[in-house]
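A.B. asks: Here is what each chain is made of, one letter per residue.
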Amino acid sequence: MAASTEPEAALSVLPRADGSATYAHAGYTVMGSVNGPIEASRRDEHPYEAHVDVIVRPAAGVGGTRERHLESILQSSLSQLILVKNFPRQLIQIVLQIEATPENDYVNTKLVQASLNFPVVPALLQTAILALLSAAVPMRETAASTVVAVVPQGAKRLLVDPVPRDLEAAHSVHVLAFTSQDELLLAESEGDFTVKEWDEVYEAAKEICCRPRTLDEENDVGPDLRHFLRTTLEEKVAEDLYWK
Amino acid sequence: MAAAAPPSLSFPRPVFAKLSPHPYLLRTLAPQVSPDTPTPKPSRTNGRAPHEARPVYIHTSSLSHAHGSALVRVGDTTVICGVRGEILPVTSIPQYRPRADFGEDDDEETRRAGRGELKDYDLLVPNIELATGCAPQFLPGVPPSTLAQTISTRVYSLLHSCAVVDAKNLRIWASPVVTKPTGCDDDADKMEEDDEEEEEKPELVAYWVLYVDILVVSFDGNPFDAAWMAVLAALRDTKLPVVTWDSDRGVAFCSRNAEKRKLQIKGLPVACTAAVFLEKEHGSETSGEENNRHWILLDPDRSEETLCGETITMVVDCEGGETRLRSLEKQGGTVIGRELIRGFAGVAEKRWREVKGAMSK
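Residue numbers (full-length UniProt numbering), protein chains in the order written: chain A, 1 to 244; chain B, 1 to 361.
I should point out that these hints are in silico values taken from the structure, not numbers from a laboratory. Among these hints, one or two may not hold up.
Said to hold, decoys possible - Cross-link-like lysine-lysine pairs, in silico, DSSO-like; alpha carbons within 27 Å at most:
no., chain 1, residue 1, chain 2, residue 2
1, A, K196, B, K356
2, A, K196, B, K350
3, B, K18, A, K85
4, B, K119, B, K239
5, B, K262, B, K239
6, B, K266, A, K196
7, A, K85, B, K280
8, B, K260, B, K350
9, B, K356, B, K262
10, B, K350, B, K41
11, B, K361, B, K260
12, B, K168, B, K239
13, B, K356, B, K168
14, B, K266, B, K350
Said to hold, decoys possible - Not close to chain B: a few residues of chain A, all C-beta gaps over 12 Å, as computed:
no., residue
15, A10
16, R89
17, Q97
18, A187
To be verified - With the C-beta cut set under 10 Å, the calculated list includes, among others, these residues of chain B facing chain A:
no., residue
19, R115
20, P144
21, L147
22, A148
23, I151
24, T153
25, L158
26, K260
27, E322
28, L325
29, E329
30, I336
31, I341
32, R342
C-beta atoms are modelled at their ideal positions from N, C-alpha and C, and glycine is treated no differently.
With the rest of the complex left out, here is chain B (with noise of 0.2 Å):
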């Protein structure tokens, strides 16, 4: 005991971002002018730049009873997302309403009838499921947090008004001559129930439902990004099996040797979520707010997030040449304004060409 050494007055760099995380992000991010760094670069706790995000590592057909997978490793948040496809017969849909005709043509009606069905009976349905162990703050075996209900409502919107699955690809045709799984004629007309001879018409008889669901494998910040981009990543590679339809038991069904066709998906949505880290925190103080410095830290990791607390996140699809943008989202705080948000749009499109190219890898 007498012989311990005098006790030193600095703490090691772990122990002080452990013990006071703000100041030690701050002092990372407005380094000092010192002699030796005449130009200090700023930088994040975790040797990012701000506007650097994380590379993306995407692996798909991992889960072999899976319809489609796929693993996305963002840095240490890893998110794993299979697709499940079962089928439903249209007499087991609560108010089913048969269409008419279901028009060819790729024209903005029909899609948005297609819209309309996915919604009405719920053909795609996403979960997510964080309480893994991924995080110390998820406990595992407790009822879903808010986060993976906010997490699981967003994917759910995306979904729907991204439109990224057409109906016409979730349908299931029956006609006495020949099946046609997805296929349809021009006047397809819905007919009844009866399996007459001289029918020729091929008769809607049942859909794919999707189960998307979502695993948080590990957690580190930037859930939402790396979740949607799992989902997309595992719809691109969903096969569905082709159904043949029993007209006589009335039961559809799928061979194991059965031809698998590949689901088709419109467009490439993705994803960029940035947090804002502010020099003072906000309300600390009411006068000096002015100067009160901030960052827009992209790509934020688990201890940052908790520091932020404002986060923008916008979803862009540059597929077609023109930047459109799918969703915008932000929330919790009065930084970002309209100068920000138009600025963001570019580092949305960086990140898009990012995800794009580990998406085709």
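Only chain A is shown next, with the shape it has when bound in the complex (with noise of 0.2 Å):
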């Protein structure tokens, strides 16, 4: 079954960064500083625009191929949620550090891995957007993303933040990333699926990353991200603002 519990997050957590997070989801923490805009080296420079650079540092050992691929996904993604045109010539750096993946004794962990690790995503997503809103960074939308698997049996076919063993049973992993206007943001799916399946599995990440704000506690699929979004940062707000 699905590890229906709740994400945690912390901001501000590093003291030097101009913002900083932790987020821990389904096994996963990651720790996420972004610092700008700074001013950028002459080779990133562009002349209407911020360049966004995202660093991704594995829990062990160094960055590798993978490593490389997670940042353009992250990049290419966090580049349409900032306003970038506010910031010509300018750096904003984001470094996202994975601190805990889940530990699972049937499945074989190799230190480097090349392929694609695709619940990581959902969890450096959320990390950076934590970071850029704690480091005031001006943004068009914020966004939520998850993680759903499709499996071969039993009652619940789609799989919400799936845990390596089911990854490894799975027929298809998708990825999928929604703003806050509810538009995809973000695709990445592998395996054996089709359209129709696909489909379903829009239906159910959508639900999870953009529901409308109900108390409908019946048919609970996963964790509401965008009212967690929310409620971390006012109760941060609130904490701030508390010797007034």
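Relying on the hints, combine the two individually framed chains into one complex.
C.D. replies: Shown next as structure tokens:
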């Protein structure tokens, strides 16, 4: 079954960075820091917009080709959210350090793996957005992301936030991200699936990422990420303004 | 000097395209109605219609030293891929776990276990080289660029998730009586390393490791589609020699004149990429985005890629009659939603038929 635990987050955990956040969900813990807008190196300087630089550091070892791929995915998604046109010739640097990954004795875990690790993408994206909000970087909209796996049998064919053992058995794995205006920002899928199956996955993911705020507890499919993002920020603001 | 003609106020087309590529592409995609062209046809700067891909040419077995190779040309993007097999004895695999039974029946469980073998022992090693002077933005002699690393990860992921190569074809067996390089008996048990005369069952002694090297000879956009096509064509062309196991010396060897066996490739997944071109560059203004027109440009070339932010890559396989999606990657924008992805499946199917035609030539 899906790990239907609520995500946890903390904002502004690092004292020296412009903004930072930690985020933990489904066995993954990621810490992110944001510095910016700062001066861009000449190579990255763009005359009309800010350069968004994403650095992903794995839990163990140094980053390889997989981390470069994750960085390019996050970079293209976050550039859509940040108002990059407001900061020409500048750099916004986002560093994401994976602190913990779900352990599983049955799945062979190698230190260096080249294939894309789907379940870590939502954690990275969520951390980056929280850190950007903490750094008060102007953004057009926020986003929320989730992982859905299609498993062959069982009562539930769609599995939200699958554990590594489920991923091995899954027919297909999908990562979807939605902006706060309910638009599809990112879609990555692999495995064997049809357009119809993808449609079902889309429905399930959209339910999690951009559910309207109803207190409907019966058909609870997973965490309500938009609501979570809002309450996390509200708590932080309330804490910061406590002295008033 | 004084006799020079008065300066012209209009530029020829190439100069305009170089100076301001975005308005130039926009103007060709949305041509204005004039008396001599009452119904202008939108086209791209390269003369193609928005949903028109470049024709594919595939030539296989051009490299003499590789076990399989293919040269793929898609417009001005040329990619060459060579597959070279090397023998990996199980004794030199760290953390090698002998398996009790290799099921001969082709069920789901066996295939998944085979996939684990491919992944755990790294039997498929793709690598892409972009720094060959194929385009001005890639300097030769520098460490692999982010694009090269990204494509290599995508090719690796797709090779494993599509399971085009079955681990069954890469196992090398030895039996004291007769050598069975690829086939195995139903009750093939992994035996100990001793060479007893009464031992009858074949033993797994080594694996083939396939080094898939991709070289981009000329780069004109859409490198992933061309690279994946080259990988697939090269794997389909791969013939591995039959290996003999010398149990006395404990080495595997294959003679020059040995019989060669074709590698079995499952399915024909074909990648299809498109980029989204926006009338107004995204984020130039916050209001009026609802009437921001967009075009989906199939198989973008290099100049179009620099102007488009959002891309979609869909890998489809229609081999079994039904269209199966093997991978979907959409990033960098919010234009492509659910309806467009559904519609794009049809475009990808059409591309699949084109590529299948080119492969079987």
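A.B. asks: Where does the structure disagree with the numbered hints, that is, which hint numbers, in rising order?
C.D. replies: 8, 18, 26
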